[in-house]
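Student: Sequence:
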Amino acid sequence: MRRSRAFIPTIKEAPSDATLASHKFLIRGGFINTQGAGLYNFMPLGKIVLEKIRAIVKEELDAAGCNEVQLSFVTPIGLWERSGRSETMGKEMLRIKDRHENEFVLSPTNEEAMVELVKNRVTSYKDLPINLYQINTKFRDEARPRYGLLRGREFLMKDGYSFHSSQEDMIREFDLMEATYKKIFTRLGLDFRVVAADSGAIGGEGSKEFHVLANSGEDTLVICEACDYGANIETIFDNEEVDALNEKSYEELKESKISKLCACGAELHFKKGIEVGHIFQLGTKYSSALEAHFSDENGRAKPFEMATFGIGVSRLIAAVIEQNHDENGCIWTKETAPYMVNILVSNVKDEAQSALAEELYERLKALHVEVMLDDTKERFGFKMKDAELIGFPYTIIIGKELQNGLVQIYDRKTKENSSINRDEIYEKIVELLK
RNA sequence: CGGGGUGUAGCUCAGUAUGGUUAGAGUACUUGGUUUGGGACCAAGGGGCCGAAGGUUCGAGUCCUUUCACCCCGACCA
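Heads up: the first sequence is residues 546 to 979, going by this note's numbering.
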């Protein structure tokens, strides 16, 4: 993409309401803009990142044997009345009426709809197990949306549901999804932890959360560095005790509770996390309520054993930036960067600079490298600041050193600026991208 | 949903206690010139139903009423 043709409205000042780095930089960098409270538009850069994350989620789930579907976003209220969640989820569900005064809900999650989809279509134990997922818009009418993409009302989430003939098989799938989620977050280049969690409004027994570690995280995690143990603090302490923790008088709580939690006995640490994934063992809660049955080996009707699996896809965009940024802007990981390479022409009026940039641009495009050519007439400093704000992993600087036969590669993460002979730059950048 | 706050240029904000020329600054944008390796400088421009609706007044960005939106603290939550 040529910068001169791209719609990337970067701005110098962040909106006054943005407090988090991800919120500020995603807006300043022209990735997203605010449509209303908790509502965001994805502009070209944001859309590219969103699609990249979505693609990785899909690839790994498909590889694990899941089936992608797409459910309607608007659902009849009756669906929610049958499960009882019309009551229990309350105002979190946004209700609307059509011209006939029929009531509908903008789906906040889809257990009911997915059970209805499978009910009477999967009727035998021979058809099980089955794992269905979708990556689709959700709407939760949060009492107080905030923090940009981290807590919007409308968001993109992957929600998956598996159906089984036995609890053992459901647990097998649960473990498979845990492993799959680890692959996904590892590919995204994130530092994350899996912790024991509360099941909350979704219901169910065993549940694990996946947290991206970041100081701005809303959740507090108790983590053992020696073994795999980790838990959301909500599972260990009640609210009063959590308040006590915030006042740093937690030594006694630690003595009384935490010390008994970790089998290996090593020291436990508190860390802040952003929840980006949550997997639940549901059992038969929804299949029973909605009378979704299959026939077992003896011809007896049984409700499906179920599990459910969520990933906050749009939230992940913000999580990547919360974990990877500096004072100048975004630092994308290799799998999330909207463009891997930015070719910066310091002075577009200099024919030698432009010619080399054009040549490199065409060669990299031919290799299917995601490359931006900054061919705008801005000054060098402006372009550098812009490149840092957007967060291209590599910027090839073609500027005044070209008269000495040199160009530079600026590494966004390390901030190193290394000079390369102009004849070696193509091979060098291809090497870096491997 | 409780408590607090803010709506004035694309963005960040002055101006509102005490009503009174043609509503301001910075930034962004346009044009010209000078610059040219870290968000340049000079000059000249364009851009506002002062959130909306009523009201008081000779006169309202400013006062009154209603309403909408947004933000912050809490409670709640992927």
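Calculated from the structure, these hints are not laboratory results.
Don't take every hint at face value.
[Claimed, not checked] BS3-like mimics (lysine-lysine), calculated; alpha carbons at most 30 angstroms apart, straight line:
1. Lys-847 x Lys-922
2. Lys-910 x Lys-597
3. Lys-603 x Lys-958
4. Lys-930 x Lys-910
[To be verified] Here are the simulated distance ranges between beta carbons:
5. Phe-925 x Arg-644: 54 to 60 angstroms
6. Arg-924 x Glu-648: 35 to 41 angstroms
7. Asn-578 x Asn-966: 39 to 45 angstroms
We put the CB at the ideal spot given by N, CA and C, even for glycine.
Student: Against this structure, judge whether each hint is valid.
Tutor: These are the hints, each one checked on the structure:
Between Lys-847 and Lys-922 the CA atoms are separated by roughly 69 angstroms; this puts the pair beyond 30 angstroms, and the hint is violated. Of the pairs offered as hints, the one joining Lys-910 and Lys-597 holds, with about 18 angstroms between alpha carbons and a cut-off of 30 angstroms not exceeded. Only pairs whose Cα atoms come within 30 angstroms are accepted, and Lys-603 paired with Lys-958 is accepted, the gap being roughly 27 angstroms. The suggested pairing of Lys-930 with Lys-910 holds, with an alpha-carbon distance near 24 angstroms, which does not exceed 30 angstroms.
Judged by the Cβ atoms, the range 54 to 60 angstroms given for Phe-925 and Arg-644 holds: they are separated by roughly 58 angstroms. Hint check: Arg-924 to Glu-648, Cβ distance near 57 angstroms, so the stated range 35 to 41 angstroms is violated. The supplied range of 39 to 45 angstroms is met by Asn-578 and Asn-966, whose beta-carbon atoms lie about 42 angstroms from each other.
Comparing the model with each numbered hint stated earlier shows that hints 1, 6 do not hold.
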